[in-house]
Structure formats: structure tokens, C-alpha cells
Amino acid sequence: MARRESVKRKIIVTIFAWAIGLTVFFPILWTVLTSFKTEGDAINIAGFFSTGWTTEAYSVVQERSNYMKFAMNSVILALGSTLLALVIAIPSAWAMAFAPGKRTKDLLMWMLSTKMMPPVGALIPIYLIFRDLGLLDTRGGIIIVLMLLNLPIIIWMLYTYFKEIPGEILEASRMDGASLGKEIFYVLTPMALPGIASTLLLNIILAWNEAFWTLALTTIDAAPLTQFIASYSSPEGLFWAKLSAASTMAIAPIIILGWFAQKQLVRGLTFGAVK
Amino acid sequence: MATQQTRLLGKFAVSPSVAVLFLWMIVPLSMTIYFSFLRYNLLDPNAACSILSPGQLLDSANRCMAGFNNYKFFLTDPKFFQAMGNSLILVGWVLGISVVGGTLLALLLDQAFYGRGIVRIMMIAPFLVMPTVSALVWQNMLMDPVSGFFATVFKGLGLQPIDWFTNYPMTSVVIMVAWQWVPFATLILLTSLQSLDGEQKEAAEMDGTPPLAFFWYITLPHLIRPMTVVILIETIFLLNVFAEIYVTGTGGRAGNLPFLVYQYGLISNDIGGASAGGIVAVILANIVAFFLMRMIGKNLEG
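Residue numbers (this note's numbering), protein chains in the order written: chain A, 1 to 275; chain B, 1 to 302.
Simulated from the structure, these hints should not be mistaken for lab results. Given the structure is predicted, the values throughout are model-derived calculations rather than measurements. Any given hint could be a false lead.
Said to hold, decoys possible - Listed below are the simulated DMTMM-like cross-link pairs for lysine to aspartate or glutamate, each with C-alpha atoms no more than 20 Å apart in a straight line: (1) B:Lys11 x A:Glu171; (2) B:Lys11 x A:Asp106; (3) A:Lys8 x B:Asp59; (4) A:Lys69 x A:Glu5; (5) A:Lys105 x A:Glu164; (6) A:Lys182 x A:Glu168; (7) A:Lys69 x A:Asp221; (8) B:Lys155 x A:Asp41; (9) A:Lys10 x B:Glu202; (10) A:Lys8 x B:Glu205; (11) A:Lys182 x A:Glu171; (12) A:Lys10 x B:Asp110; (13) B:Lys201 x A:Glu171; (14) A:Lys10 x B:Glu205; (15) A:Lys163 x A:Asp106; (16) B:Lys201 x B:Asp59.
Claimed, not checked - Pulled from the structure, derived: some chain A residues nowhere near chain B, Cβ distances all over 12 Å: (17) Arg64; (18) Arg174; (19) Asp176.
We treat Cβ as the ideally placed atom computed from N, Cα and C, and that holds for glycine.
Kindly generate the complete structure, drawing on both the sequences and the hints.
See the structure below:
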């Protein structure tokens, strides 16, 4: 009796949860569906499911704006900035976790507080510096900005991961005469690999979606997918099937990555404050 | 435990990141502060100084010193109050919706049902969508007053379609941004819910504790800490919302502080004014940060 009751409950919850889940997901689902319509059918929502499907919009988008170039830039910027940040962050996180001083907590707080500074406060100087150094619209320049933007989060995440590794193991390797570099790269890094991987994933997602700096500092050569999409906001370019196709192409890689990295995503963004 | 030598090594290892972050903070900030006291237009750097009034001070690059005029101008610009109000509305509403909505969705996802993995993924997905994409999709395909999805549904029900972005620009932006950030809150609160002691739940069930009382006395206190994390992180990002307003062209009425500074700087080319605005934004963010850091600092101790 209780069992049947609970099955009934489970079915009701299932219906309810699916309804809400589909509602939340709807804008994305709708975009993907619209991308497989002709322009004429795309705005005829009332007859949406009675008309045919086509991949025409994708080929038009590909012809009009070179998707691969923007996508390559997104990949290079996201990967480049994250890897560069990791190289700087790993020694720092090691120091904070295994050789903490009195001010380590304050230092961490200060690093996080640099993220509090509104980007607009730094926009004009960075824009002028970039202009004078010829860094505007270059991948190198944007990689540096994105690296600095995410560095505090990366250090913080690595720190919370490293703290869970017993310091004795590192000490033992030191006793055996390993140098600091060897200790970090041969002992610590392999042990913290899951943590480092999730840091990498989360920051790739953040860098991929970063829109303020990429919109302000790039035009053509270094423009990532955020610019690719922004170019579809001009009225003459506004056709829903094409817009949908472009949107789907811009978000698909990161959504797929995000699905795989669900768990890591949570751990990362909570700074270890949620168990 | 750490020896003198490792301490030294530690200082050495931490210095590159401290150095770059310090530069990243101090160089733009000091330049912004300096520019904020100049009459400096990017298109025509010397024009403002062509007619020299007596006693006019110049800097080494012959730019006019403006004293506090940029601040006076920015702080008395009616747009400033509007932008400030919009910033507060945006942060306040989205935070409120995220915490309440996130809690409800997390409670739902914590139940047993068929296809939980898929539903969870669907609910998280909006967080992964690029802000520029989300803005375009919402503005055009969903909220368009003529052939958008909502308009079609309204017409189907015999109702007058709503012209969202024209009549309710701020509401539209809030809805759009909340859609992106509720999933984030859900994800974090769900993780926390799942760590809630199962035995406590069973004990409460046996004692016949009403679900509402259980939520109020057990679940909610357990969620306070992850909620502060949600509030901290979302505030950082929400104070700086830009792409959604830029792409949808709602900056005129729904523009927040970052958008106003952008307008001053890169559209009007008024570097002095934009810098003053930037400094105002930094000061306001620091006030918010001060309270938030104390809050999370306390939480991280535990």
C-alpha cells in the first residue's frame, strides 16, 4: 500500500519536474528547432510543426560569416588564457596550501576582491594602453586580459583542492632531495589532477562566455564567438533561422563541455564553501 | 611545520600572481583616477583647451585639468540616477529570484523521479549560454511583439501581445538575466541539499514532522551558507552585467552603471567623464564588496 503510494507520488513528481525542466530549457530548445527551419517558416510559429525541416540556415551562416575563424579564436582565447593562468596559479596555490604564512587568508581575500572591481573602471586605461601598444584586436592581448580576469578564481579553486592533499607526501619527496619544481610537477600535479582538470573546465567556460572585454577590445582578427553573435543584432542581419543557427553553433561546444563537467562546475564556483 | 626555507620558497612561488594582479589592479585604477580629473576627449584631445581661461592648469601632455568638474557633471547627470537605480533593480530582483527560485528548483531536483539526470541538465543549461546569445534569443524569438513566441501564445489565447522591450525594458532585462542565473543558484543549493544527513530526514519522517516544519527548521538553516555563496558570486557578476543591455539596445532606459560609463567613454569619447563614472562605480562596488567579503570571510572560517 505504502509502496503503491510512493510510486504514485514518484509519477506525479516526474510529470511536474519534466514540465518545469522543459520550461527552463525551452529557449534553448526553441533556438535549436528554429535553426532547422527556412526563414519563412521560422516566423510562422503557429504552424511551426506542420512545416518542413532544413539545414539551409547553417550553410548561409557559414557563407556569410566565417564561423570557423570565430570559433578558433574562442578556442584559442579560452584555452590560452586558462593554461597561462594555471602556470602562474599552481605555484601560488602550492605556497598558500603548504607553506602558509600569517597573511595567507588575507592574501586570498585580496585576490578575490580584485574580481569585485567593475571592469568599466579599468576599461578606458586598458583600451588606451592596448591602443598604444598595438594590442587591440590581437589574440595575445585578449589572452592576457582573460587570464588576469580569471586568475583569482583559479588560484582559489586550486587552493581548496590542494588543501585536501596531505602535506606529508610532499615533505617526503623534499626529504628525498626533490627541488620545488620537481615537487610541484611530479608529485603535487599528478595527485591534484582531478582538481586541476575541473579548474581548467570551469575557466574555459567562463572565458568562452566572457563578453565585456571581448566585445570592447576585439573587432575582426581576434574576435571570438561573442562578436560573431553580436554581429547578428544589427537589423539587416536579423533573420531568425540564421540567428538560431549562429546561436546554436556558438553555444553548442560549451554546453556539451558543461554537461560533462557538471560536478566540477559546482565545486569550482563555490570556492569549496559547499560540501 | 613549514620550515624557514619553505616559507621563503612559498613567498617566491606566490609572487608572480601577486605581482600581475597588483599591476592589473593598480595601473588601470591610477590611470582612471588621473583621467577623471582631466578634460580629455579621445577624438580631439586638445580642443577643450583651445580657449584658455586665466589660471587654467595643464598637465605635461597639455591637457586641461578639470578639477572635480567631471565628477560634478557625472553625479548630477539625470542618467546617473537612472543607471544607479537600474543597477540596484537588476541586482536586487535577480538575486531575489535566484535565491527563492533556486531553492524551489533544488528541492524539486532533490526528489526521486524518472529522468532526473536529464531534467537536471536541462535546468543547468541556461547558465552555460553566452550572454550575447541569450540576449538575442530572448529579445527576438521569444519577446518580439509581432511574431515572437510569447506574442503568438498571447494571440492564440485571444489576448493583446505585450511589447516587452519597448514598454517594460527593465522587466525584460531582469527576466533574461534571471533565466541565466537561477540555474547557478539551483546547482549550488542542490549540491548542498544532497549533503543533508539522510538519517535526520528519516527520523523526522518517523516522528511525523510536517514537511513544512522540517524545511523551516532543518533544511533552511542548512542552506544558509550556500545561499551566501550564491549571493556573493552573483553580486559580482550582476553588478557588471553589460552584454545583455548592449546587444538588446535597451541601454537608453534600462542601462546600468557599466553601460553608462561605456556610453560616456567609447560612444561620446569623453574620457574624463567616463573615468569619473568608472571611479564612482568602483567606490560603489567596494562598499558592496566590503559587506560581502566580511560575510563570506566568516563563512569560510567554519
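Structure versus earlier hints - violations, ascending order | 3, 4, 13, 16 and 18
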